[in-house]
Amino acid sequence: MPSLSSYVPRESLVHGLHPVTKLVYVACILALAVVYSTPALLVVLLLATCCVLLAARVLRPAVRIMSRTVLLIALFLFVVRGLAEPGGNVAFALGPLAFKQAGLDVAMLISLRLFIFVAAALTLLLTTYPPYLMAALEEKKLSPRASYVVLSTMQIIPMMQARATAILEAQQARGLDTRGSLLTRVRALFALVGPLVLGSIEGVEARAMAIEARAFLVHHRRTHLYAVATSSVDRVLMVALPVLTFAFATLRFLVR
Amino acid sequence: MTLAIRLEDVSFTYQGAATPAVADISLAIEEGERIGIVGPNGSGKTTLCHLLTGFVPHFFPGQLRGIVRVGDLDTSSVGPAQLALSVGRVFDDPFEQLSGVGMTALEEVAFGLENLALPREEILVRSEAVLRAVRLWESRERSPFELSGGQQQLLAIASILAMRPHILVLDEPTSQLDPIGTDQVFGALHDLRESGITIVVTEHKIDTLASFADRIIVVHDGRCAAMGPPRDVLSSPDIERWQIEPPMWSRIAQRLRSGRDTRVCPLPVTRGELMAELSHAAA
Ligand SMILES: Nc1ncnc2c1ncn2[C@@H]1O[C@H](COP(=O)(O)OP(=O)(O)O)[C@@H](O)[C@H]1O
Ligand SMILES: [Mg+2]
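Chains A and B supply the protein sequences, listed in that same order. Numbered by this note's numbering, the letters in the first sequence go through residues 1 to 256 in order. Numbered by this note's numbering, the letters in the second sequence go through residues 1001 to 1283 in order.
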């Protein structure tokens, strides 16, 4: 089973930043994505987040993850919103299916925001060693309970992936066909869901016992194996990012 | 001698279960004693371990009767995390022992020490010592999830030992280990004797347990069927009724005595005891 993290070890400036600096970055991007409401500005913002991913040398894994998740959601949105819109201009039609312009516009805005947010969040997830994040959050006075929740949340997707892989391998070993026609694949998917959900619930219970046995939360304070350094770059960014965000937010009123 | 553990008429029924998993158990364990618990599957060994570490009744709901005192704490009012400061618990499935916080074996050991709020230097010193003791120091940078079942078991034990509990409760700690790994674990437990730590261990490998434990407790259908020194308990004619495999050494001795009455002198249950009997017979 692989390690339970999506962390990609690389040498980059972004990797070396304090985890809280990266959290501030995610918050700033999120704020801008909410404030901006024109496709042009959102596209520029998306390009900017991709540049940061490139600088962090994790653009390729980030695109791979987004193409499997956000891209599918976006396509779904375009179809549903395009068809469900009650009236207005028809942008294009596929046989009896009429896609309405207003619905597509809404789908476009939501999808862009989704891409931007996931790109920013992946900057944090892919470049931050999870134990550093936990240490950094607790160093900034976040309670150990809360930092543990953050860490567990970060592990949900890799944990599910690891579990799914293990279950699939076991089912294939028992002779269940998971390849071939669409129908057999769908059947295999259903066979996967049950053990995945049950296994995850059991997993949560076992982990709760495991951390109790290690005296988690008995003291109000924890110490850490790692010391997370705050560099001068971090100090500058922690002030500069919110200021820049505020400045860029005003673009909203200039670009229509 | 001070008591490390005291159970008085303890019974526990899991919520929804018709019969108690553990019934009418009374026992007193002295500080520094090494107790081996044996019994067939489903006899209540794990539940007994849960009782000693507060997971029953704080984690598994159900009806608890009687008194469980561990050190000077009453487990009905102190939860597992608080108890973990003095009572170490090693679960039967090493995979379930992993905190999920440690990305490497070293971090997994460090997790418990971070919770104890120890200084960083102390965390490093203790982690290195226990990882070397179980021969996992070379693998300290590896993910706990990538280790073999046996290595995970050793890591689980190391993570608990690093916290330096006064009492250690191990539930089938060698279930995934080969004979070499088993010897390694029991060797490590043996070395703890000088530290005065009290050890309670459930184990199916009866030969290993017979030479390790000061006293054996036989659990059968949730009840304490017998309790005493290994030689008294494991040479008992009732051993088959308890569904326990007799130690290899007593089976050999039984053959050698060929039907002579075992009640006159109990059967040897360790290699040493068998050797003593043989040299006595030769003289
Ligand atoms: N969480 C639980 N809920 C209900 N019953 C349980 C639970 N855990 C164990 N039992 C039951 O309690 C009895 C003793 O189990 P256990 O303590 O696990 O025995 P052992 O460890 O000796 O195999 C068994 O009959 C088992 O089915
Ligand atoms: Mg058991």
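Careful: at least some of the hints might be erroneous.
As the list claims (entries may be wrong) - Label pairs and their calculated CB-CB ranges: (1) I201/A with E1240/B: 37 to 43 angstroms; (2) S1148/B with L196/A: 22 to 28 angstroms; (3) A1017/B with A164/A: 40 to 46 angstroms.
It is worth saying that the hints were derived from the structure and are not from the lab. Even glycine gets a Cβ: it sits at the ideal position worked out from N, Cα and C.
Find the hints from earlier in the document that the structure breaks and name them by number, from lowest to highest. Violated hint (a single one): 3; every other hint is consistent with the structure.
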